[in-house]
Amino acid sequence: MWQIIHKMGSPPWFYRFAGTVLRWALPIVLLLLVVGAVWGLLFAPPDFRQGNSYRIIFIHVPASVVALAGYYVMAFAGAVSLIWKIKMADTAMRAVAPVGAALTFIALVTGAVWGKPTWGTWWVWDARITSMLILFFLYVGVMALFEAYENKAAAAKACAVLSLVGTVNIPIIYKSVDWWYSLHQPASIKFSGASAIDSSMLYPLLLMIVAFYGLFACCVMLNMRAELLDTHRGASWLQRALLERD
Amino acid sequence: MPPDLWQFLWGQMRRQLRVGMSKPGEVLNPLLFFVMVVTLFPIGLGPNPERLALLAPGILWVVALLSNLTVSGRLFAADFEDGSLEQLALASHPLALTALSQVVAHWLLSGVTLTLASPLFAVMLNLPVQAIPVLMASLLLGSFSLSLVGAIGAALTVGIRRGGLLLSLLIIPLYVPILVFGVSAVSEAANVGDPMRWLALLGAFAAGGIVLAPLAIAAGLRISLDS
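Chains A and B supply the protein sequences, listed in that same order. Just so we're aligned: 148 in my numbering is position 148 of the first sequence, and the numbers increase by one with no gaps anywhere. Just so we're aligned: 323 in my numbering is position 77 of the second sequence, and the numbers increase by one with no gaps anywhere.
In short, the hints are calculated from the structure, not lab data. One or more hints might be untrue.
Per the computed footprint, the stretches of chain B lying under chain A, defined by three or more beta-carbons under 8 Å from a beta-carbon of chain A, are [claimed, not checked]:
| # | stretch |
| --- | --- |
| 1 | 358 to 364 |
| 2 | 419 to 427 |
| 3 | 461 to 469 |
Even glycine gets a Cβ: it sits at the ideal position worked out from N, Cα and C.
Please model the complete structure; the sequences and the hints are all you need to start from.
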């Protein structure tokens, strides 16, 4: 166990390890995505109140779930990098930010697309939408901070501190936005209870959530490998690793 | 806490206050900014007093937040440029506490003065009179939290040239809970509700912030000094 964690910190080992994992995991994840999407979009029964427009939850819900989890992954990687000074944790943290931001963006856009037929408007200042938008801003802030620093080692540390501050703040933000919304609640708009979802809809949804987690992990690993290629350009281990593949 | 640490922190705070007081613009300009932006709202939204009264809590709090944002960015800049921040980081006293004393000094000059001037702005926007004490209490507590959170951003961006806009991007999302608590307290008071729970939440945020934020500020300052 400890050995694997130690090995994780070594760029050559990780580059190869991620390559092997990706070769197996990427096809499986893509298959899961296709199965989940076809199941959810074509075979799951239509909702009796919303008809077919509800089907976007098979994209929307997994994207939002993983986007929020992604922030914690990023902050965890940041904490690891600050405490144990492991360089690969920096790389992981940097790799998560754009993926998380993209998922948050997907969640916002699919939410808007769903809102148009359901609520009759693209955008509503609903508690969850607002929280998601703020999460998007938090991701963008981390990315902007990284870009602003000339010294990339310092940039990674600064981003780690910022994402940890964000982690402490996120539950407070979510709770406060919730209270803010309930204070101003307009009576006409209401979510259909998510807990009352039927199993014929729940199973494809769960499958899609698993697939999105897998997709997230694969994208992060791909990003990390790309970054290793960039930062270790010309290193002899990298040249050997690249030659081996052919 | 050893007595010489107290003396050191007290000295730091007095130094900051004296530097701030020596240039009256540093204290007055945020207030002028506040009154000018407040003026923009009736011009933009129309002079209808009932509508202004309805929007006043939100306007006052958003403008207070923006005015805090404009001053927070410069919190550590002077000390960073003339090298005294490096000396403070090398000193045997914990940097987190030194930074906290600076934030308190900054708050006394910005947040407290803003609180004292706020009744004037409240009257300009036709905020109900019974809400003014709550507005002042919420600004007093909230501006301290704003300064603490702003100082984290200032510490992380102090080494970056033209970090002002970047600071806003980092800090605005973190300001959201403070804004919610503050606006809700004032709105409840204006509508004869119970603002106490919102003030309690503002106090809780400040209490949590005073413990955690200095650690993040110190870490940010060390990163900025190393880069």
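Right, here's what the structure says about each hint:
no.	hint	in the structure
1	358 to 364	violated (count 0)
2	419 to 427	holds (count 6)
3	461 to 469	holds (count 4)
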